[in-house]
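K.L.:
Here's the letter readout for the chains.
Protein chains: 2
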Amino acid sequence: MAEDNKFDIAIIGGGPAGLSAALTGRIRNKNIAVFEHLDFSEKLQKAHKVDNYLGLPEVSGKGLMQHFTGHALAHGPKLVKEKVMNVFPGDNMFTLLTPQTTYEAKAIIFATGVVSTLLFAGERELLGRGVSYCATCDGRMFEGKDVAVISYTEEGENETVFLSELCRDVYFLPQYKGDFAKMRAPIKVLTAKPKAIVGDGQVEKLMTDKEEIKVHGVFIMRQSDPVENLLPGLELEGEVIKVNRDMSTNIPGVFAAGDCTGKPWQIAKATGEGLVAVLSAITYIDKVDLA
Amino acid sequence: MAEDNKFDIAIIGGGPAGLSAALTGRIRNKNIAVFEHLDFSEKLQKAHKVDNYLGLPEVSGKGLMQHFTGHALAHGPKLVKEKVMNVFPGDNMFTLLTPQTTYEAKAIIFATGVVSTLLFAGERELLGRGVSYCATCDGRMFEGKDVAVISYTEEGENETVFLSELCRDVYFLPQYKGDFAKMRAPIKVLTAKPKAIVGDGQVEKLMTDKEEIKVHGVFIMRQSDPVENLLPGLELEGEVIKVNRDMSTNIPGVFAAGDCTGKPWQIAKATGEGLVAVLSAITYIDKVDLA
Chain P
0 MAEDNKFDIA
10 IIGGGPAGLS
20 AALTGRIRNK
30 NIAVFEHLDF
40 SEKLQKAHKV
50 DNYLGLPEVS
60 GKGLMQHFTG
70 HALAHGPKLV
80 KEKVMNVFPG
90 DNMFTLLTPQ
100 TTYEAKAIIF
110 ATGVVSTLLF
120 AGERELLGRG
130 VSYCATCDGR
140 MFEGKDVAVI
150 SYTEEGENET
160 VFLSELCRDV
170 YFLPQYKGDF
180 AKMRAPIKVL
190 TAKPKAIVGD
200 GQVEKLMTDK
210 EEIKVHGVFI
220 MRQSDPVENL
230 LPGLELEGEV
240 IKVNRDMSTN
250 IPGVFAAGDC
260 TGKPWQIAKA
270 TGEGLVAVLS
280 AITYIDKVDL
290 A
Chain X
0 MAEDNKFDIA
10 IIGGGPAGLS
20 AALTGRIRNK
30 NIAVFEHLDF
40 SEKLQKAHKV
50 DNYLGLPEVS
60 GKGLMQHFTG
70 HALAHGPKLV
80 KEKVMNVFPG
90 DNMFTLLTPQ
100 TTYEAKAIIF
110 ATGVVSTLLF
120 AGERELLGRG
130 VSYCATCDGR
140 MFEGKDVAVI
150 SYTEEGENET
160 VFLSELCRDV
170 YFLPQYKGDF
180 AKMRAPIKVL
190 TAKPKAIVGD
200 GQVEKLMTDK
210 EEIKVHGVFI
220 MRQSDPVENL
230 LPGLELEGEV
240 IKVNRDMSTN
250 IPGVFAAGDC
260 TGKPWQIAKA
270 TGEGLVAVLS
280 AITYIDKVDL
290 A
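Chains P and X are the protein sequences, given in the same order.
The numbering of the first sequence is numbering that gives the first Met the number 0, which starts it at 0 and goes up by one.
The numbering of the second sequence is numbering that gives the first Met the number 0, which starts it at 0 and goes up by one.
Bound-form chain P, shown alone (with noise of 0.2 Å):
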């Protein structure tokens, strides 16, 4: 019954709430994807120890993250490692988008983790007019052209590169600490803080603490995108997914769960909304197949 990209429940992120969701959803016999194209929350690995989820006393991030993986995945979930770009609402069915390829499900569940920055100026406005968050699906619309960009995540390393090799002049503007001995020329380097986005209709410059570039495509790398451009029309509440007590959102079949519904940043909670998405999502699958 089961294809190989179609699933019943498409869990995007995984870090413990995308985790506990794919557990319980095995448990209940569904068919999970959980879409994780980083190593399952950065966040918690650098954790140095954690001793309040309840019945692991005293373990590192890392340790703990071992302790849910091990558990989630030997139950089976298709694991993903693809970044979901888009997800588009149809006639009983969600399609998602990757670099790489089209999944679908039944339901969704939002477990992305925390959205810690908030959007650069222009950038709502000029997404998709040069504004894009991948170099893999967009990149050949700049080929000639100038393009800068701004990474939270050693993935965009390996964007940049590839843009180097399709672009006129490429600005690469690290927001983290690293080695960028393999950013070599054509590639600049740049460190300063991106400030705001301009152009009229079209991304004409990006400004900064200390310069102006003329570009004609910013690429922005955030651990998480934010949701809303994943998924317009998406309720938010600030910066974080509004949701329901069953972790339902505004959208019929999809639910949110963890640090993307907001605080307290906790594993517990995040396993906690994980549960009850899945059930939730479940309830609402069976009700749609019924009808």
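Hint data in this document are derived by calculation from the structure and do not stem from the laboratory.
It should be emphasised that the depicted structure is a prediction, and the values quoted were computed from it without experimental measurement.
Treat the hints loosely; a few may be bogus.
Remember, identical chains collapse to one label, so a pair may be satisfied in a single copy or spanning two.
BS3-like mimics (lysine-lysine), calculated; alpha carbons at most 30 Å apart, straight line [stated by the list, open to error]:
1) 204 / 45
2) 144 / 209
3) 262 / 204
4) 29 / 286
5) 5 / 241
6) 77 / 262
7) 61 / 29
Dock chain X against the given chain P, drawing on the hints supplied.
P.N.:
Below, chain X without anything else, positioned relative to chain P:
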């Protein structure tokens, strides 16, 4: 600073929700009491196998509760093995009444578990007019009179023996399987299902599926009492406590977590809510302390 019977936060119930709240409350350095008069979630302890608490695969309910109590109690919340009968709101301070004494707390977290039974017809109307949840508290009012004890727990047996020393006719209606050999005359053990409590302003009789018993008092011993009777004015939604996303209730300073806030009746949901409730309670206390 801490007196023996004064706490920052009183947590009513020592199941997964209550212990999770106690753990994080202690880590946040608050003076915490956990009121648990029974044996830490009898319901969970009876679970043969639990496999969806992320990070602790294939553990027995009893084993899981050992992990939970070991972890939480190591952080030194005060464990009070008394049953909270009533909570009275006061001036930025709640008073908790047990059969033995009184306690005070700045904030309350209800973590009382599932109330699996509906109230009996007449129970709410006749509470305090012959209906009672505590023989130790109210027994003396029935000296020389006739009483019935409806019990869902073994604890009710001792209360009934106590009543038999005071009252005239004492009927014991156990609603669980057990050996009632110690319930000797004059106690009358009845195997009947209670249906309704009847009386005009005062208890007059108990109706069962088999007979009609004339009594002046009806004692009801459940795993947990209906919370609405514990704290009058607490808003319910159906049978469960109505909570907001931050686990606050309609009464400032009163929070709730776990099965008593509704389904799903699952461990991760309970521990997550316990964590959120205690952080919200701390925020509340800090505000009150500043005011």
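K.L.:
Against this structure, judge whether each hint is valid.
P.N.:
Hint check:
no., hint, result
1, 204 / 45, "neither (35 Å within a copy, 65 Å between copies)"
2, 144 / 209, "within (22 Å within a copy, 89 Å between copies)"
3, 262 / 204, "neither (35 Å within a copy, 52 Å between copies)"
4, 29 / 286, "within (14 Å within a copy, 45 Å between copies)"
5, 5 / 241, "within (27 Å within a copy, 38 Å between copies)"
6, 77 / 262, "both (29 Å within a copy, 28 Å between copies)"
7, 61 / 29, "both (28 Å within a copy, 28 Å between copies)"
Violation of the numbered hints given earlier is confined to hints 1 and 3; the remaining hints are satisfied by the structure.
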